[in-house]
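Listed below are the residues making up each chain.
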Amino acid sequence: MMRARLRTVFGGVKGVAGNAQLSERVDRAIGARRWKDPSVRQVVRRFLRIHPGANRRAPTEPLLPFPFAGLPAEVNESVPDPLFDASFYLAQLPDPAKAAQAPRKHFAEHGRAAGHAPSLGAVYIGEAIRERARVSETPMRDIIGLLPPEKEHLAKTDVVWKRLRFCAHPRLYSAQFSAHELEQVAGEFDVDRAVSHYLAHGIHEGRRLCALFNPDWYLEQLDRAGLKIAEEKASFLHWLAVGWNERIVPTPLFHQGFYEERYPWTIAKSQTWSFVHYLKKGCYHADRLASPNGRHHPGGSDPQASELQAPLLLREMLYRADEYDLSRTSWAEEGARAARAKYDVLGSARMTELVAKAAEIEPLVLQPHRDYPVVGAPPYRGRRLFLDRQAEELRRTVGRVHVETVVLVPGGTAAGVAATLEPLLAHTGSDSLLVVATDTDGTADESGAPEKAYLDLLPFLNGMEEDFRLDLLLDLVRGLSAERIIVVGSELGWGLLATYGRQLSARASLGAYVPSAEADPGQTGPGPASREFQQCFAYLDWALVANETLANELTDRYVLPTALAERLVPLGEQAVERAFDLPRRRQHG
Amino acid sequence: MVEAARRPDITAVLIAHVEQTMIGVSFRSMLAAVRVAAEAALDIEMLVVLDKPDETTREMLAEVDTQGARVLEVAYGDQALVRNHAVGESRGRFVAFLDGDDLWTENWLVAAHALCAAEPRTIAHPYADWVFDERRSLSLPPDQTDPQFDPATLRVTNAWDSLCLAPREAFLDHPFQARALEQGYAFEDWLWNLDTVRAGYVHRVVPDTIHFKRSRSGSQYRLASANQSLTRPTPFQDYAWLQEWEGTREGAPRTAAESSPLG
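Chains E and H, in that order, give the protein sequences. Using our numbering, the first residue of the first sequence is number 200, and each one after it goes up by one. Using our numbering, the first residue of the second sequence is number 95, and each one after it goes up by one.
No wet-lab data here; the hints were simulated from the structure. Only a predicted model underlies this, so the values are computations on that prediction, with no experimental measurement involved. Ideal placement from N, C-alpha and C gives every residue a C-beta, glycine not left out. Check each hint, because a few of them may be wrong.
As the list claims (entries may be wrong) - Simulated pairs of lysine to aspartate or glutamate, DMTMM-like, Cα-Cα distance not exceeding 25 Å:
| id | chain 1 | residue 1 | chain 2 | residue 2 |
| --- | --- | --- | --- | --- |
| 1 | E | K556 | H | D240 |
| 2 | E | K541 | H | E167 |
| 3 | E | K541 | H | E139 |
| 4 | E | K541 | H | D244 |
| 5 | E | K541 | H | D103 |
To be verified - Far from chain H, some chain E residues (derived; all Cβ distances over 10 Å):
| id | residue |
| --- | --- |
| 6 | S505 |
| 7 | S526 |
| 8 | G581 |
| 9 | R594 |
| 10 | V600 |
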């Protein structure tokens, strides 16, 4: 296995260098069982950690960002000490003894051209150096020089750069660019491009790479710890090299004591600093609270969050993004600061005295908490904060203040939706009807709705907990004072009727489309919406059913009396008119 | 009608049900706040209202009249109607409610009165709602004058507890609505907040004050939540009304029709 990986990895090097002799040497090394050499194995493991897909690359695809051919003299002629690691370099050579006397010279004369890396650190920042070289004659110095002087030796290792890489949050980084600027850098960043661009340009321009690093907060914490920093613009690298080891939490969004008390088993298992645990894992998990002030995100999960390095709290950080300098702060961070300040007031001498007096009457008020109490501090923090904001964003986006009929559809090309919408639209016209897609991505065209009468709710629902999704939809249909609410295949719509049908039916006429099992070849037994029908029929004024057979089936199954059976209207000519003409079952309040 | 000059400054209302021994704790907390208020030269009327009490709770409060409290017994079984009744019986210019298992910090009546007396149409809320016993949490309610607070969001999320201090007319003009759980309506305090904001009252928080709220299973709030209840319909839930209302408010947020792709 390892032999195969070695061959592939060094084969990749050969591809980069285009050097047949090197290829032979690699083959000889492997043939001579040098792959058993621990130092070679270590190099390969490290390469594969950095480039997990390396052994699957085509031979012509560059594996490493070397050689530095074509770069300024600073790089070509003398790789500075901070970026040259002799043992790392020698470990890549088939015959390290030949270079052992003067490894740097050997690298300059042979290794660079052969595509070898001067150090593991160089592997991480090689691409950034190349990018920086487009605008600077001293690209390497520009980057390494940003490390605290006493920590420059770390440049050749992977310590700082590895930390930097998993702290990179490309969505936040991209959000600091205008649309025009993003166009010039080939669009939104992914992790690799964000890291390279940040080291090459972003850090010099004062941009922020990590959502959980707040430069001003870090400087405040440094000051409290009695530590100084020479170059404020490089505060993030300072934290990676110094503050990290001092365990300084660089963001108001994370509370170490709270996190450690709440998730002790997780921290113990990972055997790492709790903040690093949050950075690597917790910030991608919907159920993790980062501080007593809340989780800073809407509560829903995102299976891609970890892979994309998009912490869930970015949703809140990017709220009202145009009102904040994202390179320094955000709504989420300012909100957390404000909430903390409000919370801290409870620790004042006056409050402490008042609480003590109350405790003389009822000692239970001082009963120790299992952990830090969860604090709601609206308008800055609170469990429903995100729902509040989404509701307002939705109201402003919809623009309309009233529609007669709201039709809730799943979105996309769900079976039966377009066929049901057609007669509805024909009867009501598109001006008085709004088609709301609630479950999946899709277009107005796919649902068979006119563009001007179509609302994709997904952008407002994404990432939200189920009960909040329902509350948001409830707010929409109530806000629009809809006289009819019709569910046509929408899962969330059925949920709305099941949960709040009792109250909604007092204000609006509720209807639904019930498809037949035959409409879905994979379905056997009752129709696809039979469970929903059962839950919601009590609130429905009518149900459009796929055909007469289904109407009869439902009538028989529930032994419906005639007055209720008549409310099952088979789709067909005048079906919508018949349904709409049925009298309301209940109207009160 | 009681002459204004002879009216107490505040009527402090303690509402009891079946709290049994715990009611003593709340009454003692009320006494502490009344004592501090008296030291500040405020005239306080104490009113204890028992709503469908059990025998033990009634026994516990048998001698509160000797402490200066007036005792009423009613049989509404509905928090909203009990409060309305208490307001009708109150004589104070301001009314402050305390639930039968909760506590105030001793400065509550003085500090809340100072805020409300200084600004007409002000409703005072504590700086913190400190939940204790079965569940523990802290809620620091918003001040309506905070520029970051958007009252339009009140239709989605309630911001304040009903254990406030407010001018008596705020309760008289906007009585609490009875809950109707079978129809799915509850949260009378939330609706009252919406009604009073619509009427131009301003909900403020009082620095350095806390309400200690006992969390117990079977509370009215938990029952209403489990029942998927909503507030009764209110204009706040209507986009058209909200848009018009925002247009009448100084410095209101942009209207809904702005920047709308659909509008």
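Checked hints:
Between the alpha carbons of K556 of chain E and D240 of chain H the distance comes to roughly 30 Å, so the proposed pair goes past 25 Å and is violated. A threshold of 25 Å between alpha carbons decides the hint, and for K541 of chain E with E167 of chain H the separation of about 40 Å lies outside it, so the pair is violated. Between the alpha carbons of K541 of chain E and E139 of chain H the distance comes to roughly 33 Å, so the proposed pair goes past 25 Å and is violated. Distance restraint check for K541 of chain E and D244 of chain H: the Cα-Cα separation of roughly 18 Å lies within the 25 Å cut-off, and the hinted pair is therefore satisfied.
Taking the CA atoms of K541 of chain E and D103 of chain H, the gap is about 30 Å. The hint is violated against a cut of 25 Å. With a cut of 10 Å on Cβ distances, S505 of chain E stays outside the contact zone with chain H, its closest approach being about 30 Å. The claim that S526 of chain E lies off the interface holds: its Cβ sits roughly 22 Å from the closest Cβ of chain H, which is beyond the 10 Å cut-off. Non-interface status of G581 of chain E relative to chain H is broken: a Cβ of that chain comes within 10 Å, the nearest being about 7 Å off.
With a closest Cβ-Cβ approach of about 5 Å to chain H, R594 of chain E is found to fall inside the 10 Å limit, against its non-interface label. For V600 of chain E, the non-interface assignment is contradicted: its Cβ lies about 4 Å from the closest Cβ of chain H, within the 10 Å cut-off.
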